[in-house]
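The lines below spell out each chain.
4 protein chains.
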Amino acid sequence: MVRNVCVLGATGMVGQRFIQLLSQIPDFNIVDIAASSKSAGKRYEDAVNWHQTTPIPDEIRDMKIVNTDPDEVSDDVDFVFASLPAGLAEPVEAAFAEKFIVASNASVNRMKENIPLVIPEVNPEHLEMMETQKDVNGWEGCIVTNPNCSTIALTLTLKPLFDKYTFKRVSVTTMQAVSGAGYNGVPSMGILDNIIPYIGGEEEKMQSETLHLLGKVNGGLVDKANFPLSASCNRVGVVDGHTESVSIEFEEDDVTVEDIKSAMSGFVGLPQKEKLSFAPEKPVIVRDEEDRPQPRMDRDSGHGMSVTVGRVREDVFENSFKYTLVGHNTIRGAAGASILNAQLISKLYL
Amino acid sequence: MVRNVCVLGATGMVGQRFIQLLSQIPDFNIVDIAASSKSAGKRYEDAVNWHQTTPIPDEIRDMKIVNTDPDEVSDDVDFVFASLPAGLAEPVEAAFAEKFIVASNASVNRMKENIPLVIPEVNPEHLEMMETQKDVNGWEGCIVTNPNCSTIALTLTLKPLFDKYTFKRVSVTTMQAVSGAGYNGVPSMGILDNIIPYIGGEEEKMQSETLHLLGKVNGGLVDKANFPLSASCNRVGVVDGHTESVSIEFEEDDVTVEDIKSAMSGFVGLPQKEKLSFAPEKPVIVRDEEDRPQPRMDRDSGHGMSVTVGRVREDVFENSFKYTLVGHNTIRGAAGASILNAQLISKLYL
Amino acid sequence: MVRNVCVLGATGMVGQRFIQLLSQIPDFNIVDIAASSKSAGKRYEDAVNWHQTTPIPDEIRDMKIVNTDPDEVSDDVDFVFASLPAGLAEPVEAAFAEKFIVASNASVNRMKENIPLVIPEVNPEHLEMMETQKDVNGWEGCIVTNPNCSTIALTLTLKPLFDKYTFKRVSVTTMQAVSGAGYNGVPSMGILDNIIPYIGGEEEKMQSETLHLLGKVNGGLVDKANFPLSASCNRVGVVDGHTESVSIEFEEDDVTVEDIKSAMSGFVGLPQKEKLSFAPEKPVIVRDEEDRPQPRMDRDSGHGMSVTVGRVREDVFENSFKYTLVGHNTIRGAAGASILNAQLISKLYL
Amino acid sequence: MVRNVCVLGATGMVGQRFIQLLSQIPDFNIVDIAASSKSAGKRYEDAVNWHQTTPIPDEIRDMKIVNTDPDEVSDDVDFVFASLPAGLAEPVEAAFAEKFIVASNASVNRMKENIPLVIPEVNPEHLEMMETQKDVNGWEGCIVTNPNCSTIALTLTLKPLFDKYTFKRVSVTTMQAVSGAGYNGVPSMGILDNIIPYIGGEEEKMQSETLHLLGKVNGGLVDKANFPLSASCNRVGVVDGHTESVSIEFEEDDVTVEDIKSAMSGFVGLPQKEKLSFAPEKPVIVRDEEDRPQPRMDRDSGHGMSVTVGRVREDVFENSFKYTLVGHNTIRGAAGASILNAQLISKLYL
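Residue numbers (my numbering), protein chains in the order written: chain P, 690 to 1039; chain U, 690 to 1039; chain A, 690 to 1039; chain G, 690 to 1039.
Quick caveat, the hints were computed from the structure, so don't treat them as lab data. Check the hints yourself; a few may be wrong.
Given that identical chains are not distinguished, each listed pair holds provided it fits within a single copy or across any two copies.
Here are the simulated DSBU-like pairs of lysine-lysine, each with C-alpha atoms no more than 30 Å apart in a straight line [unchecked claim]:
1) K727 to K753
2) K950 to K857
3) K801 to K788
4) K962 to K913
5) K788 to K823
6) K950 to K731
7) K950 to K753
8) K964 to K823
9) K753 to K971
10) K1036 to K971
11) K853 to K962
12) K857 to K913
13) K971 to K950
14) K788 to K731
15) K905 to K731
16) K962 to K1036
17) K727 to K950
18) K727 to K971
19) K801 to K905
20) K801 to K853
21) K788 to K727
22) K1036 to K913
23) K853 to K1036
This one's a predicted model, so the numbers in the text were calculated from it and none came from an experiment.
Work out the full structure: start from the sequences and follow the hints.
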């Protein structure tokens, strides 16, 4: 069934990705695009500084931008895809949620009571919080959020292991692409022939969101998974695709490299079972080459929706294993994450 | 006292660094340069494809290259600086050691009986093995080796902590510069907009050499330090300067961030005490900015001989701390390491 | 009609592109892949170091590589796509031309008597030399060549102007991607934070091949176009996509910026008229933004087969104009060029 | 003789370079540093986001920043080094010129009546306008400007040829480093794996300033040199060092490659004759390797104050020659240019 959708923050980097991706999906129909008052009233092409490598979709080029105001958006909209600046996200998303289902990329609402933070292959059952959220607030709509880009890629690879084994501890060191910071986020003077070993708030987000995603809904709250997770985050001179070096220590003493590879490789979630069109065939692709995954080579796997894992090997610590993953940070890690959430809701809840 | 020196593999990348650095040190006098038979007999300038950003030193430009043969080298040479291809290093270094002290960068001899593997600030007492080596082999000279580039930077930061505390485990994830692989080592197609999450043999070297360096000489062998150390090595698009993200778990439960910073910051070794001219004032520089160290900004600290540490912070695990370090891989991590070894030997053993 | 094809040099960079592109074109059927004796006899997947961002096509993965020998190739092959090292190309292409039509990327045969050097949109009539070539050599097949990568992009933009106006002189300065030199061609040490202002033989190729392409067949030879053309070639840190800064002085004194833009923008050639499936809708796309074209943004236009032009503006010299172009060097500039040649021959000559 | 100096815009990128360079020159003594009211009153170290690879000079670290107001600056200042935002430069420099000699990097005052635009090796005689400027305005001080970064490098190489030959036309295509745009000027998303073929205003500046510099003072104005000069400017992913591909057509028909190389190589100007400490021994260094100059290898020649030329060769046009140059854009092209102007004035006019 075709759903009418609206994109908020439509001229920003993630907003552009939403438009690029949504225009390729037959079951979503963009009926409204909203941006700041500076852009409102203009044709999309005139307002946007388009940074995607494919052209602006023809049907969007001439579309008139409306204000970021629920009253300016068509009543028959089913989903609002939101990618708003941190300061704005909280009140604006709440205002839209009175009437619409808001699929949000913002961090501010991610771990609030009754608001599901979801990766469809990982914790689709958290979507049950949508109903309580509507009831509690007296809204017709609700807010559904997706995690931070580096968290999504990591958690997709942890989930098939978490279902079978008990984690004693997990460490991850990331090497993150510049696109994760937005178009103007990382000056070239900072990253050419260089690494920036710090991304504000990123380590905290990875450490808390991952445990939340692997947790269980308990009323309107989530009982977080209970293992220590340490994240160290670095920015590197890569355009798209986050690379993460992961180490896991298990409680079990009989896990093998083959167990890990087959658990990841065979992993499918609800989006695959429900045959959602935007779901990749394999959420996690395992490669055997000694020098993969690499961001430029593997970020577009599964149209950017698969995470690629390689170098699965024993670590020197007891019952410990290491691997490297690459995930596309602006597709699986941002716009595509919201879209897959919406597809799942569309199929199962509307 | 001025020492006469010879450089083997003088046209290679590390050989060039030896020449560049040695020509700035008054207490070393380059009297011979040797290379493969293809280059022997030529003027240095005609044989070398010079890749340093400073010009070939004037006194070297016209020097005639000799064969890599001890008989072609002046008898009054005190030190032979060697940077030879893996296959050649073993027999050639042994041949030169019959007459000369060989300061070697090759990995093949690093952990053999009676051969010291030394960072002067870390384990200068391992040099005592030189004597036995001479005796056992009946040589006039001997071989002294320095560790792998990424190991040197890591171990310099571990040493001041290792002296005060007990390590339960150490993990390190590296982001290594392309110069570490030699001029032709990393094709640009492999590293532009990319990361290669694998460096052949590097993880094994870091894991074994670090424990060797922190170990104690016992006869002609070394009793390695006894803690698990896990290394994950990545190649990134940086010209010079290895960045390493480190986590340490201590046995002690009362270590603080300030303890770590002051131990590192106050650390001096024998080269500093002996006021060796090539020794940096501080082997480890600790910075407080949240986004340092960075390879392009910090690799040249202490003329490339200091390692810069930043982001010292608590880790989520018990009694655990994290930090990031940057060290210059071809100065402190290669040519400069051998030179500092030679300076120390020159001062204390000749 | 479906044609059976063979790829020579199938494990190299251009060979991989041939396989990637041909497997997407229904009217070509890869029946044989050949490589050096080192690879012959192996499964393709086992022999190749695959560097494309899409996976090896399933139907090729298990194909057995044959020797680069016409007798090992099926007799029913219609086209042989060749991308061979300079030294091998001349004898090998001649040997295959005894039986097959060879679409060649090598420079050695480009401007020989009776051998057409063709861009299908520019000089398809040069293909008439195929018949004489067969006759003269007594071959059943023949050799057809395509130009150097930087020449193709330039000449596609010159052609629509050359048809209407008289060139007094043309200058071009290129900024070329590293992929043009093959996977190992440009070490990362040479191009990170750097430019190499020299590409061996490239300026000469651009200067001669462009005039040849715009010339007229006269017997088995070509009367070259008659205007001075100066090329300056630089290598820059871009993965794919050559950028070229062009200046043209016309004999005519009434050419306008709009004339140039509309000539380029409206340009179509025989591949477009014949509706060849691999031909881009527009060989030249003209953009109006002040900061386009850019290689990362525009190289994939027309699936890599369109050249993008921007910044068309008056130059300070009399009757002179400048513009910038971007073309994909390994698609339009190499493998795709040979494929489009073959499609045109398939449609009109077989 | 030691001169007291003040730096305006001391926290910006060029301001930082001023401080880094001036602190190494014994004949300049920084007595005041000024910045916006946001920074005024703070210690320099607390106000600046220091982006140089050498540390903040010790004597500057604790210096208190004053407002950008002539009354807050010590009366005994001899030179004010100014690097101000475009909008501010005009009124602020005029205000300071009432009392001080202002050495300015801003473009706004570059070609005004009575204001010298000077490269000391090229047109030191333009400094005679200083006196008239003082008289006309009734100022004690005056404004002296230096050209745009890409213009300085080009003009230094043109000057020795311009003195001997007559130019019929000159063309230049630049490949400019990101540092030329300031720390936040070029987002990494715009330049990684990319080129931006446009720099706002740059082509116009090169075309006008070069002719101005090679012109003759006529009263308070300059009779510009009279030849057509065409510039095409591109931004590339290089940190420091502009590369320029140049073509010159001479009126003379007997110029040779050797003539050009010896004219450039033997070129010295007034700063060399006066033995100014900041003047490079050779303003232009000519190299013979086929693949030089390269920005990473050659930008630091002459401590960043020499321009390196290579690939001098005949062009295909009549009496035409081509070459490539590299110049350090933030040393010779900005801060160092102002400093050398001040050194010359200090020696000859104070």
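So, going through the hints one by one against the coordinates:
| no. | hint | in the structure |
| --- | --- | --- |
| 1 | K727 to K753 | within (13 Å within a copy, 40 Å between copies) |
| 2 | K950 to K857 | both (19 Å within a copy, 29 Å between copies) |
| 3 | K801 to K788 | within (19 Å within a copy, 62 Å between copies) |
| 4 | K962 to K913 | within (26 Å within a copy, 53 Å between copies) |
| 5 | K788 to K823 | within (10 Å within a copy, 70 Å between copies) |
| 6 | K950 to K731 | between (51 Å within a copy, 27 Å between copies) |
| 7 | K950 to K753 | between (49 Å within a copy, 29 Å between copies) |
| 8 | K964 to K823 | within (27 Å within a copy, 55 Å between copies) |
| 9 | K753 to K971 | between (38 Å within a copy, 29 Å between copies) |
| 10 | K1036 to K971 | within (19 Å within a copy, 40 Å between copies) |
| 11 | K853 to K962 | within (19 Å within a copy, 56 Å between copies) |
| 12 | K857 to K913 | both (15 Å within a copy, 28 Å between copies) |
| 13 | K971 to K950 | within (13 Å within a copy, 45 Å between copies) |
| 14 | K788 to K731 | within (25 Å within a copy, 50 Å between copies) |
| 15 | K905 to K731 | neither (45 Å within a copy, 51 Å between copies) |
| 16 | K962 to K1036 | within (12 Å within a copy, 45 Å between copies) |
| 17 | K727 to K950 | neither (50 Å within a copy, 32 Å between copies) |
| 18 | K727 to K971 | neither (41 Å within a copy, 35 Å between copies) |
| 19 | K801 to K905 | within (14 Å within a copy, 54 Å between copies) |
| 20 | K801 to K853 | within (28 Å within a copy, 44 Å between copies) |
| 21 | K788 to K727 | within (24 Å within a copy, 44 Å between copies) |
| 22 | K1036 to K913 | within (27 Å within a copy, 60 Å between copies) |
| 23 | K853 to K1036 | within (28 Å within a copy, 58 Å between copies) |
Going down the numbered hints, you'll see the structure goes against 15, 17, 18, while the others check out.
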